[in-house]
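Peer 1: Below, each chain spelled out in residue letters.
2 protein chains.
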Amino acid sequence: MSGWDRFATLATSFTHDELSYASATHAPADSPKDKDKETPILRIAGEARSRGYELVCVPLTTARWKERWADMCILAGEGGGGEGEREKTVEAERRAERWRMSPSFLREEVTMSRLDEAEGTIALISDWLQLDARDDWVRHDSEIALRQELAYASYLNIHTAILPPPRHRAHVTSYARAINACLKSVPYMQLSIRLPIYDPPSTSTSSVSTPQLVVSDLPVLPRKSKAKKAPEDELNATWEMWDIVRSVCDYNPRLTLTLDLTPPLPTTLGVLSKWTAEPVQHIFLPASTFIANTKGYPVLPKGTQSFVRQSMAHRPIIIMSDVRSGTHSKGGESAYSQYIRHLEKSSPVVQAALKAGTVENFAQGYQDYLQAPLQPLMDNLQSITYQTFERDPVKYRNYEEAIYNALVEWPASDRIVICVAGAGRGPLVARSLLAIQRSRRPAFVYAVEKNPNAFVTLQNRQEMEWGSGVQLIYGDMRSIEIPEQADILVSELLGSFGDNELSPECLDGAMRFLKADGISIPCSYTAHLAPLQSSKLFNETRMNKDPSKSAETPYVVMFQNVDILSADGGGLGGRCGPQTQECWEFEHPRKDGVVDDRGLPITNSHNTRSAKLTFHIPHAGVLHGLAGYFEAVLYKGVGLSIHPQHKDRVSKDMLSWFPLFFPFKDPLYLPSNSELQVSIWRLTNERQVWYEWYAESFLPVFSAPLPGGEDHKTPTSSHDPFFASTTTHVAVPSPLIDAVDSSFSPVSGGGGREEGGRGCS
Amino acid sequence: MSGWDRFATLATSFTHDELSYASATHAPADSPKDKDKETPILRIAGEARSRGYELVCVPLTTARWKERWADMCILAGEGGGGEGEREKTVEAERRAERWRMSPSFLREEVTMSRLDEAEGTIALISDWLQLDARDDWVRHDSEIALRQELAYASYLNIHTAILPPPRHRAHVTSYARAINACLKSVPYMQLSIRLPIYDPPSTSTSSVSTPQLVVSDLPVLPRKSKAKKAPEDELNATWEMWDIVRSVCDYNPRLTLTLDLTPPLPTTLGVLSKWTAEPVQHIFLPASTFIANTKGYPVLPKGTQSFVRQSMAHRPIIIMSDVRSGTHSKGGESAYSQYIRHLEKSSPVVQAALKAGTVENFAQGYQDYLQAPLQPLMDNLQSITYQTFERDPVKYRNYEEAIYNALVEWPASDRIVICVAGAGRGPLVARSLLAIQRSRRPAFVYAVEKNPNAFVTLQNRQEMEWGSGVQLIYGDMRSIEIPEQADILVSELLGSFGDNELSPECLDGAMRFLKADGISIPCSYTAHLAPLQSSKLFNETRMNKDPSKSAETPYVVMFQNVDILSADGGGLGGRCGPQTQECWEFEHPRKDGVVDDRGLPITNSHNTRSAKLTFHIPHAGVLHGLAGYFEAVLYKGVGLSIHPQHKDRVSKDMLSWFPLFFPFKDPLYLPSNSELQVSIWRLTNERQVWYEWYAESFLPVFSAPLPGGEDHKTPTSSHDPFFASTTTHVAVPSPLIDAVDSSFSPVSGGGGREEGGRGCS
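Chains as they are written, first to last, in UniProt numbering: chain A, 1 to 761; chain B, 1 to 761.
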């Protein structure tokens, strides 16, 4: 793996002791050219870079600052005592007030003062600050100190600051409020919340007892010596803290996470998978997290290993800390980095991304990017766009196979007529001819295309390649006539959600070309949904120009920073369906439809659909949208699928379609073990087709007495027969949404169609 | 009670039978002048008006329309059968398709066709339409029919249409989606959802069996013959249906409710009180709801009586139906209306509103109106504004009492010095003089005022009324000096939330005038909160010009269309506080504060506050904001209070302050028996003071096995010691909010202050 395709960036963090030692042993640079050794920080940062770290993390402040702050802000808070005591307190309070009025550092209270020292440096904010202390004054003064530190870091042009973790669930809203205020007051800088993945107290790197122990009446960090494994609850609780912080900060894109992996992780991803949907920018890995392998070299525990491998997809900055203190007997400092590079190389996501021919490789650069939908009917596509899709190695192979099978199984006949409806630059015509050749059946191909530019390419290919076995017809399949009816109608009008590029409506028009006993390839397709969480996509949706409209249309997206919230089955009485659920189906030719004299449907009512799906949500999460997929049966056993659980069986490595993303305007919190009901409609009027979608969350409630209050009755019955007597309605989001106002006309020629983008364009 | 101050508007609805009878017996108008008798509808509407009804409700369509619709849309849906049967089905389907393409009525399918017939008429949409049928086609065609009916009503210039109720909890999202589409397609018209207050099936007025019974596989309206009383669950379920409909319709202000009170109501309001927060425009009361009193006259059951009395506050339209069929033996048709007028007259809210001197009377016209806050420090108030507040009969009486008590209890002294800080046009100066007179203590009054215009009035009053016992001082209390320090400092700087007009900051400046052992009137004040629901206030907040800003500032509001969601105590372990809870307190003079040479605080840090409150929510509801109140101790037992549970004891009929309303940007659904945690902060920097607030909902979770799914563990433990092992986090709203950017400067003279409006201005 060469440098440019690395997924992880390595950083190392310095301790206060290392900085002190560097200062104490600092000798002025040997020559005036050694600019980068002029100060202790420059020297040790330079040394770290020469050992392969791309970034360094430096504590912004020194112990002197902590002493002064505690002296002012804790002593003043103490109060009481004798007269002398009292005078000292008043003096401390006076100093504190003067500081609050105009917060500033003394030189020896900060570690850096030069721009070159701060370059490429991540600042570690004082980790003893308690923005969520129980004590009002400690909270208040911690916030002033935090702003002071961030303002100083900003002065030094530092781009990223890592903030101390929230510690108290009860006061996390105060923590969150302070962070939000900082995001507003400090421009540009990324604020990254350091968050121990569970059990926060265990991970304090500060060896000195922290100020809170002086002031709090309650031991703030009640560290029980626990069993090693994190219970799921604790992992959930960590995420819940984060969820509150980022909600209060309104999903500010400058707010990121530094996941502190000090405690060992469980070996199954389960609840951990939700971190894939969060902006984890840094992973903090102290030497103490590593265990020694049989040879004494440092390796990570199994659960942490697989989590780090998985995280590579998000190209994290991995901060190695305390790696120069000789925690492990073998390998020295470089062993830790080498091990991380080993995990990177052996990460399945990295391997998939680097292997040619995979969707992951094909999609590089497109992850989580909201694509403007293609409109192949309204807009005439460019040749380059056709070319991109024609390169799909799987899609056309399956089409050929389907046509071949249909021909082979076709009853004896002198001449089988194939009609390609929407021929584009001709890939399906070519595949039809190959299938005819292989099947040795007598057949003739009509190719219908309405894009005048692509029609030139078709004429070219007919002359150069196809000859007399093919007849080209120029025009819209919904209005033209063809010389004779076909036995087999072949089309490729499918979108990421199946019907979302108006395949049903177009084929309604083309069915006039098909004999009564003819077949359509594809003969049916289904649309599928799963609920997802992704702060990334939520923010991308909001950043669209018109925020009120941006959440009202589905997008084509290659998912990465996304977590699917549902799990198979579950729920009370097992009424929840699988992780991904089918909404509806379309079949061609359609049965028993009433048509007008020209063979066209009178209205489009028969193409409306609706579905109500119930999902089991095992772990608490936030619903940001729905993932949409399709499956199609081309002919009997041959199909196409982007359904996450089926695609590898049906059409592995097919590249043409990324999933559809149906966004919600407002996030909806889903508790652990809740049920999510999703309603989705495919709607139509005389000009348009669009989707609307809606979600409700239900939490199973058990009959149990509620102590206290006048109201002892638990709501155990409901009107809803479906939900019988076991659930209560929990929360309703707002999004009922119209899609873009694209025009659609099933009877006249010039109409547009619904949003239809899919893969890369 | 004269006509103009009536609270209820009476309407009557006609049945199909009455309309048929009117048509059958219709004789052309006697003379050309009898324009209003030209058609049967005009005649019976005219007769109804002459009997005292201000409005009439008329079914928009006839039985003919229902027949045709069922013939097309139900027959076509049936399918199957023999060849002849099949042909009939195809023919029906063809007719249905032609109708769907271009929906229209035949003359005999509608009841009205002239503008004058529709004038003052509320249209009843076909009540057999099933927008939430199980059957896709019935739903689809019901929606087309609904749009057709609304379009026709709109053509006739009808302003209000009453829609059939949702019937299926499982498909209410489909119902809601259809209503939302209608709101968008029909401009101006009010759509009012008819909603039986519980158990929808019992209230169908249509005597013919409805189409759904033909198509649904499941009996849609399983009417059990129940005990008379509605269980709370059913009342909650009705509200839940409504909540989904209006949420999907995004709180469209043209969407209202027609509460159908056919079933008898429980006698305690309890869960019914939530309807006070909803846009109940009509109350539907059929004769069958009335019971006969001992004399045989119609009266309402107790529960319904008190609900109707309570509803008068919202000035409902009461629709009397079936009142001409002789249901009751005595009184005839007029007995029903007379009874409603009797309830109106005896309604406590009507009585309070009509009685001079009550807050309700004073506030007429101001209910639920978001007031632009007063800025008495930044803006110099107008004389008329002072006059309004000076008329408060209670506030100044209590001030005088407090000053009197303070004087009487004052230690022996030659001369007691009173300083009125912020004298305005002089009401507190006058009251001080009265108190001095009554107490017979030797005292002198300084009156400080910074409004140059009011200072002219003060000079006038000194010359005309006060004489030498008063010395006027012009200037800002935060910067001027006065000749001698005072024993008693009197001020009236309180806002609706106590400290929200910056009383703490102003008094910090004025404390320089007070002797070390002096007292301040008021000597302390507290701020209080309660969570509230109100679609009205939610919409009012959103309608402000800049929607992103409009939810970020508190407003002064006289609440009416509002329901307080909390109840006293309750919760697991009784950890929830009372319905209204105290946030924080300010005391004057402040103790042990560090000040600078001039006696002013160095920073404003000591005036920051924060509170975390836990409320018990007995019935499901939607949180739209917080109600803010204050209480003040003027001197010992004398105070001022707008706290809803205390105000009548402390300062009954005080008019000067309406409550403060802290809005939330996004509604938060609160389940029954949940707990609401509210965080609120009073924050400050060198220029400003503002509030931020945040709410989280928790639902108690019991340990019980969860059947099904891989995940059998109920989350029973949490990190949070406060919430111990019994709750799970349910939902997080977004609102963390800065108040308006008003400038505040505690040390210099020219600063502005925070929003400070309160009562009428």
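Hint data in this document are derived by calculation from the structure and do not stem from the laboratory.
Keep in mind that the hints are not guaranteed to be accurate.
The list treats identical chains as one, so a pair stands whether inside a single copy or across any two.
What the hints assert, rightly or not - Simulated crosslink set (BS3-like; lysine-lysine; CA at most 25 Å straight-line):
hint, residue 1, residue 2
1, Lys184, Lys612
2, Lys88, Lys591
3, Lys302, Lys330
4, Lys652, Lys345
5, Lys184, Lys652
6, Lys345, Lys302
7, Lys591, Lys450
8, Lys355, Lys647
9, Lys652, Lys355
10, Lys450, Lys355
Peer 1: Does each hint fit the structure? Answer for all of them.
Peer 2: Against the structure, the hints come out as follows:
no.: 1; hint: Lys184 x Lys612; result: between (41 Å within a copy, 24 Å between copies)
no.: 2; hint: Lys88 x Lys591; result: between (92 Å within a copy, 17 Å between copies)
no.: 3; hint: Lys302 x Lys330; result: within (20 Å within a copy, 86 Å between copies)
no.: 4; hint: Lys652 x Lys345; result: within (23 Å within a copy, 77 Å between copies)
no.: 5; hint: Lys184 x Lys652; result: neither (47 Å within a copy, 44 Å between copies)
no.: 6; hint: Lys345 x Lys302; result: within (16 Å within a copy, 77 Å between copies)
no.: 7; hint: Lys591 x Lys450; result: neither (27 Å within a copy, 85 Å between copies)
no.: 8; hint: Lys355 x Lys647; result: within (18 Å within a copy, 74 Å between copies)
no.: 9; hint: Lys652 x Lys355; result: within (14 Å within a copy, 79 Å between copies)
no.: 10; hint: Lys450 x Lys355; result: neither (37 Å within a copy, 77 Å between copies)
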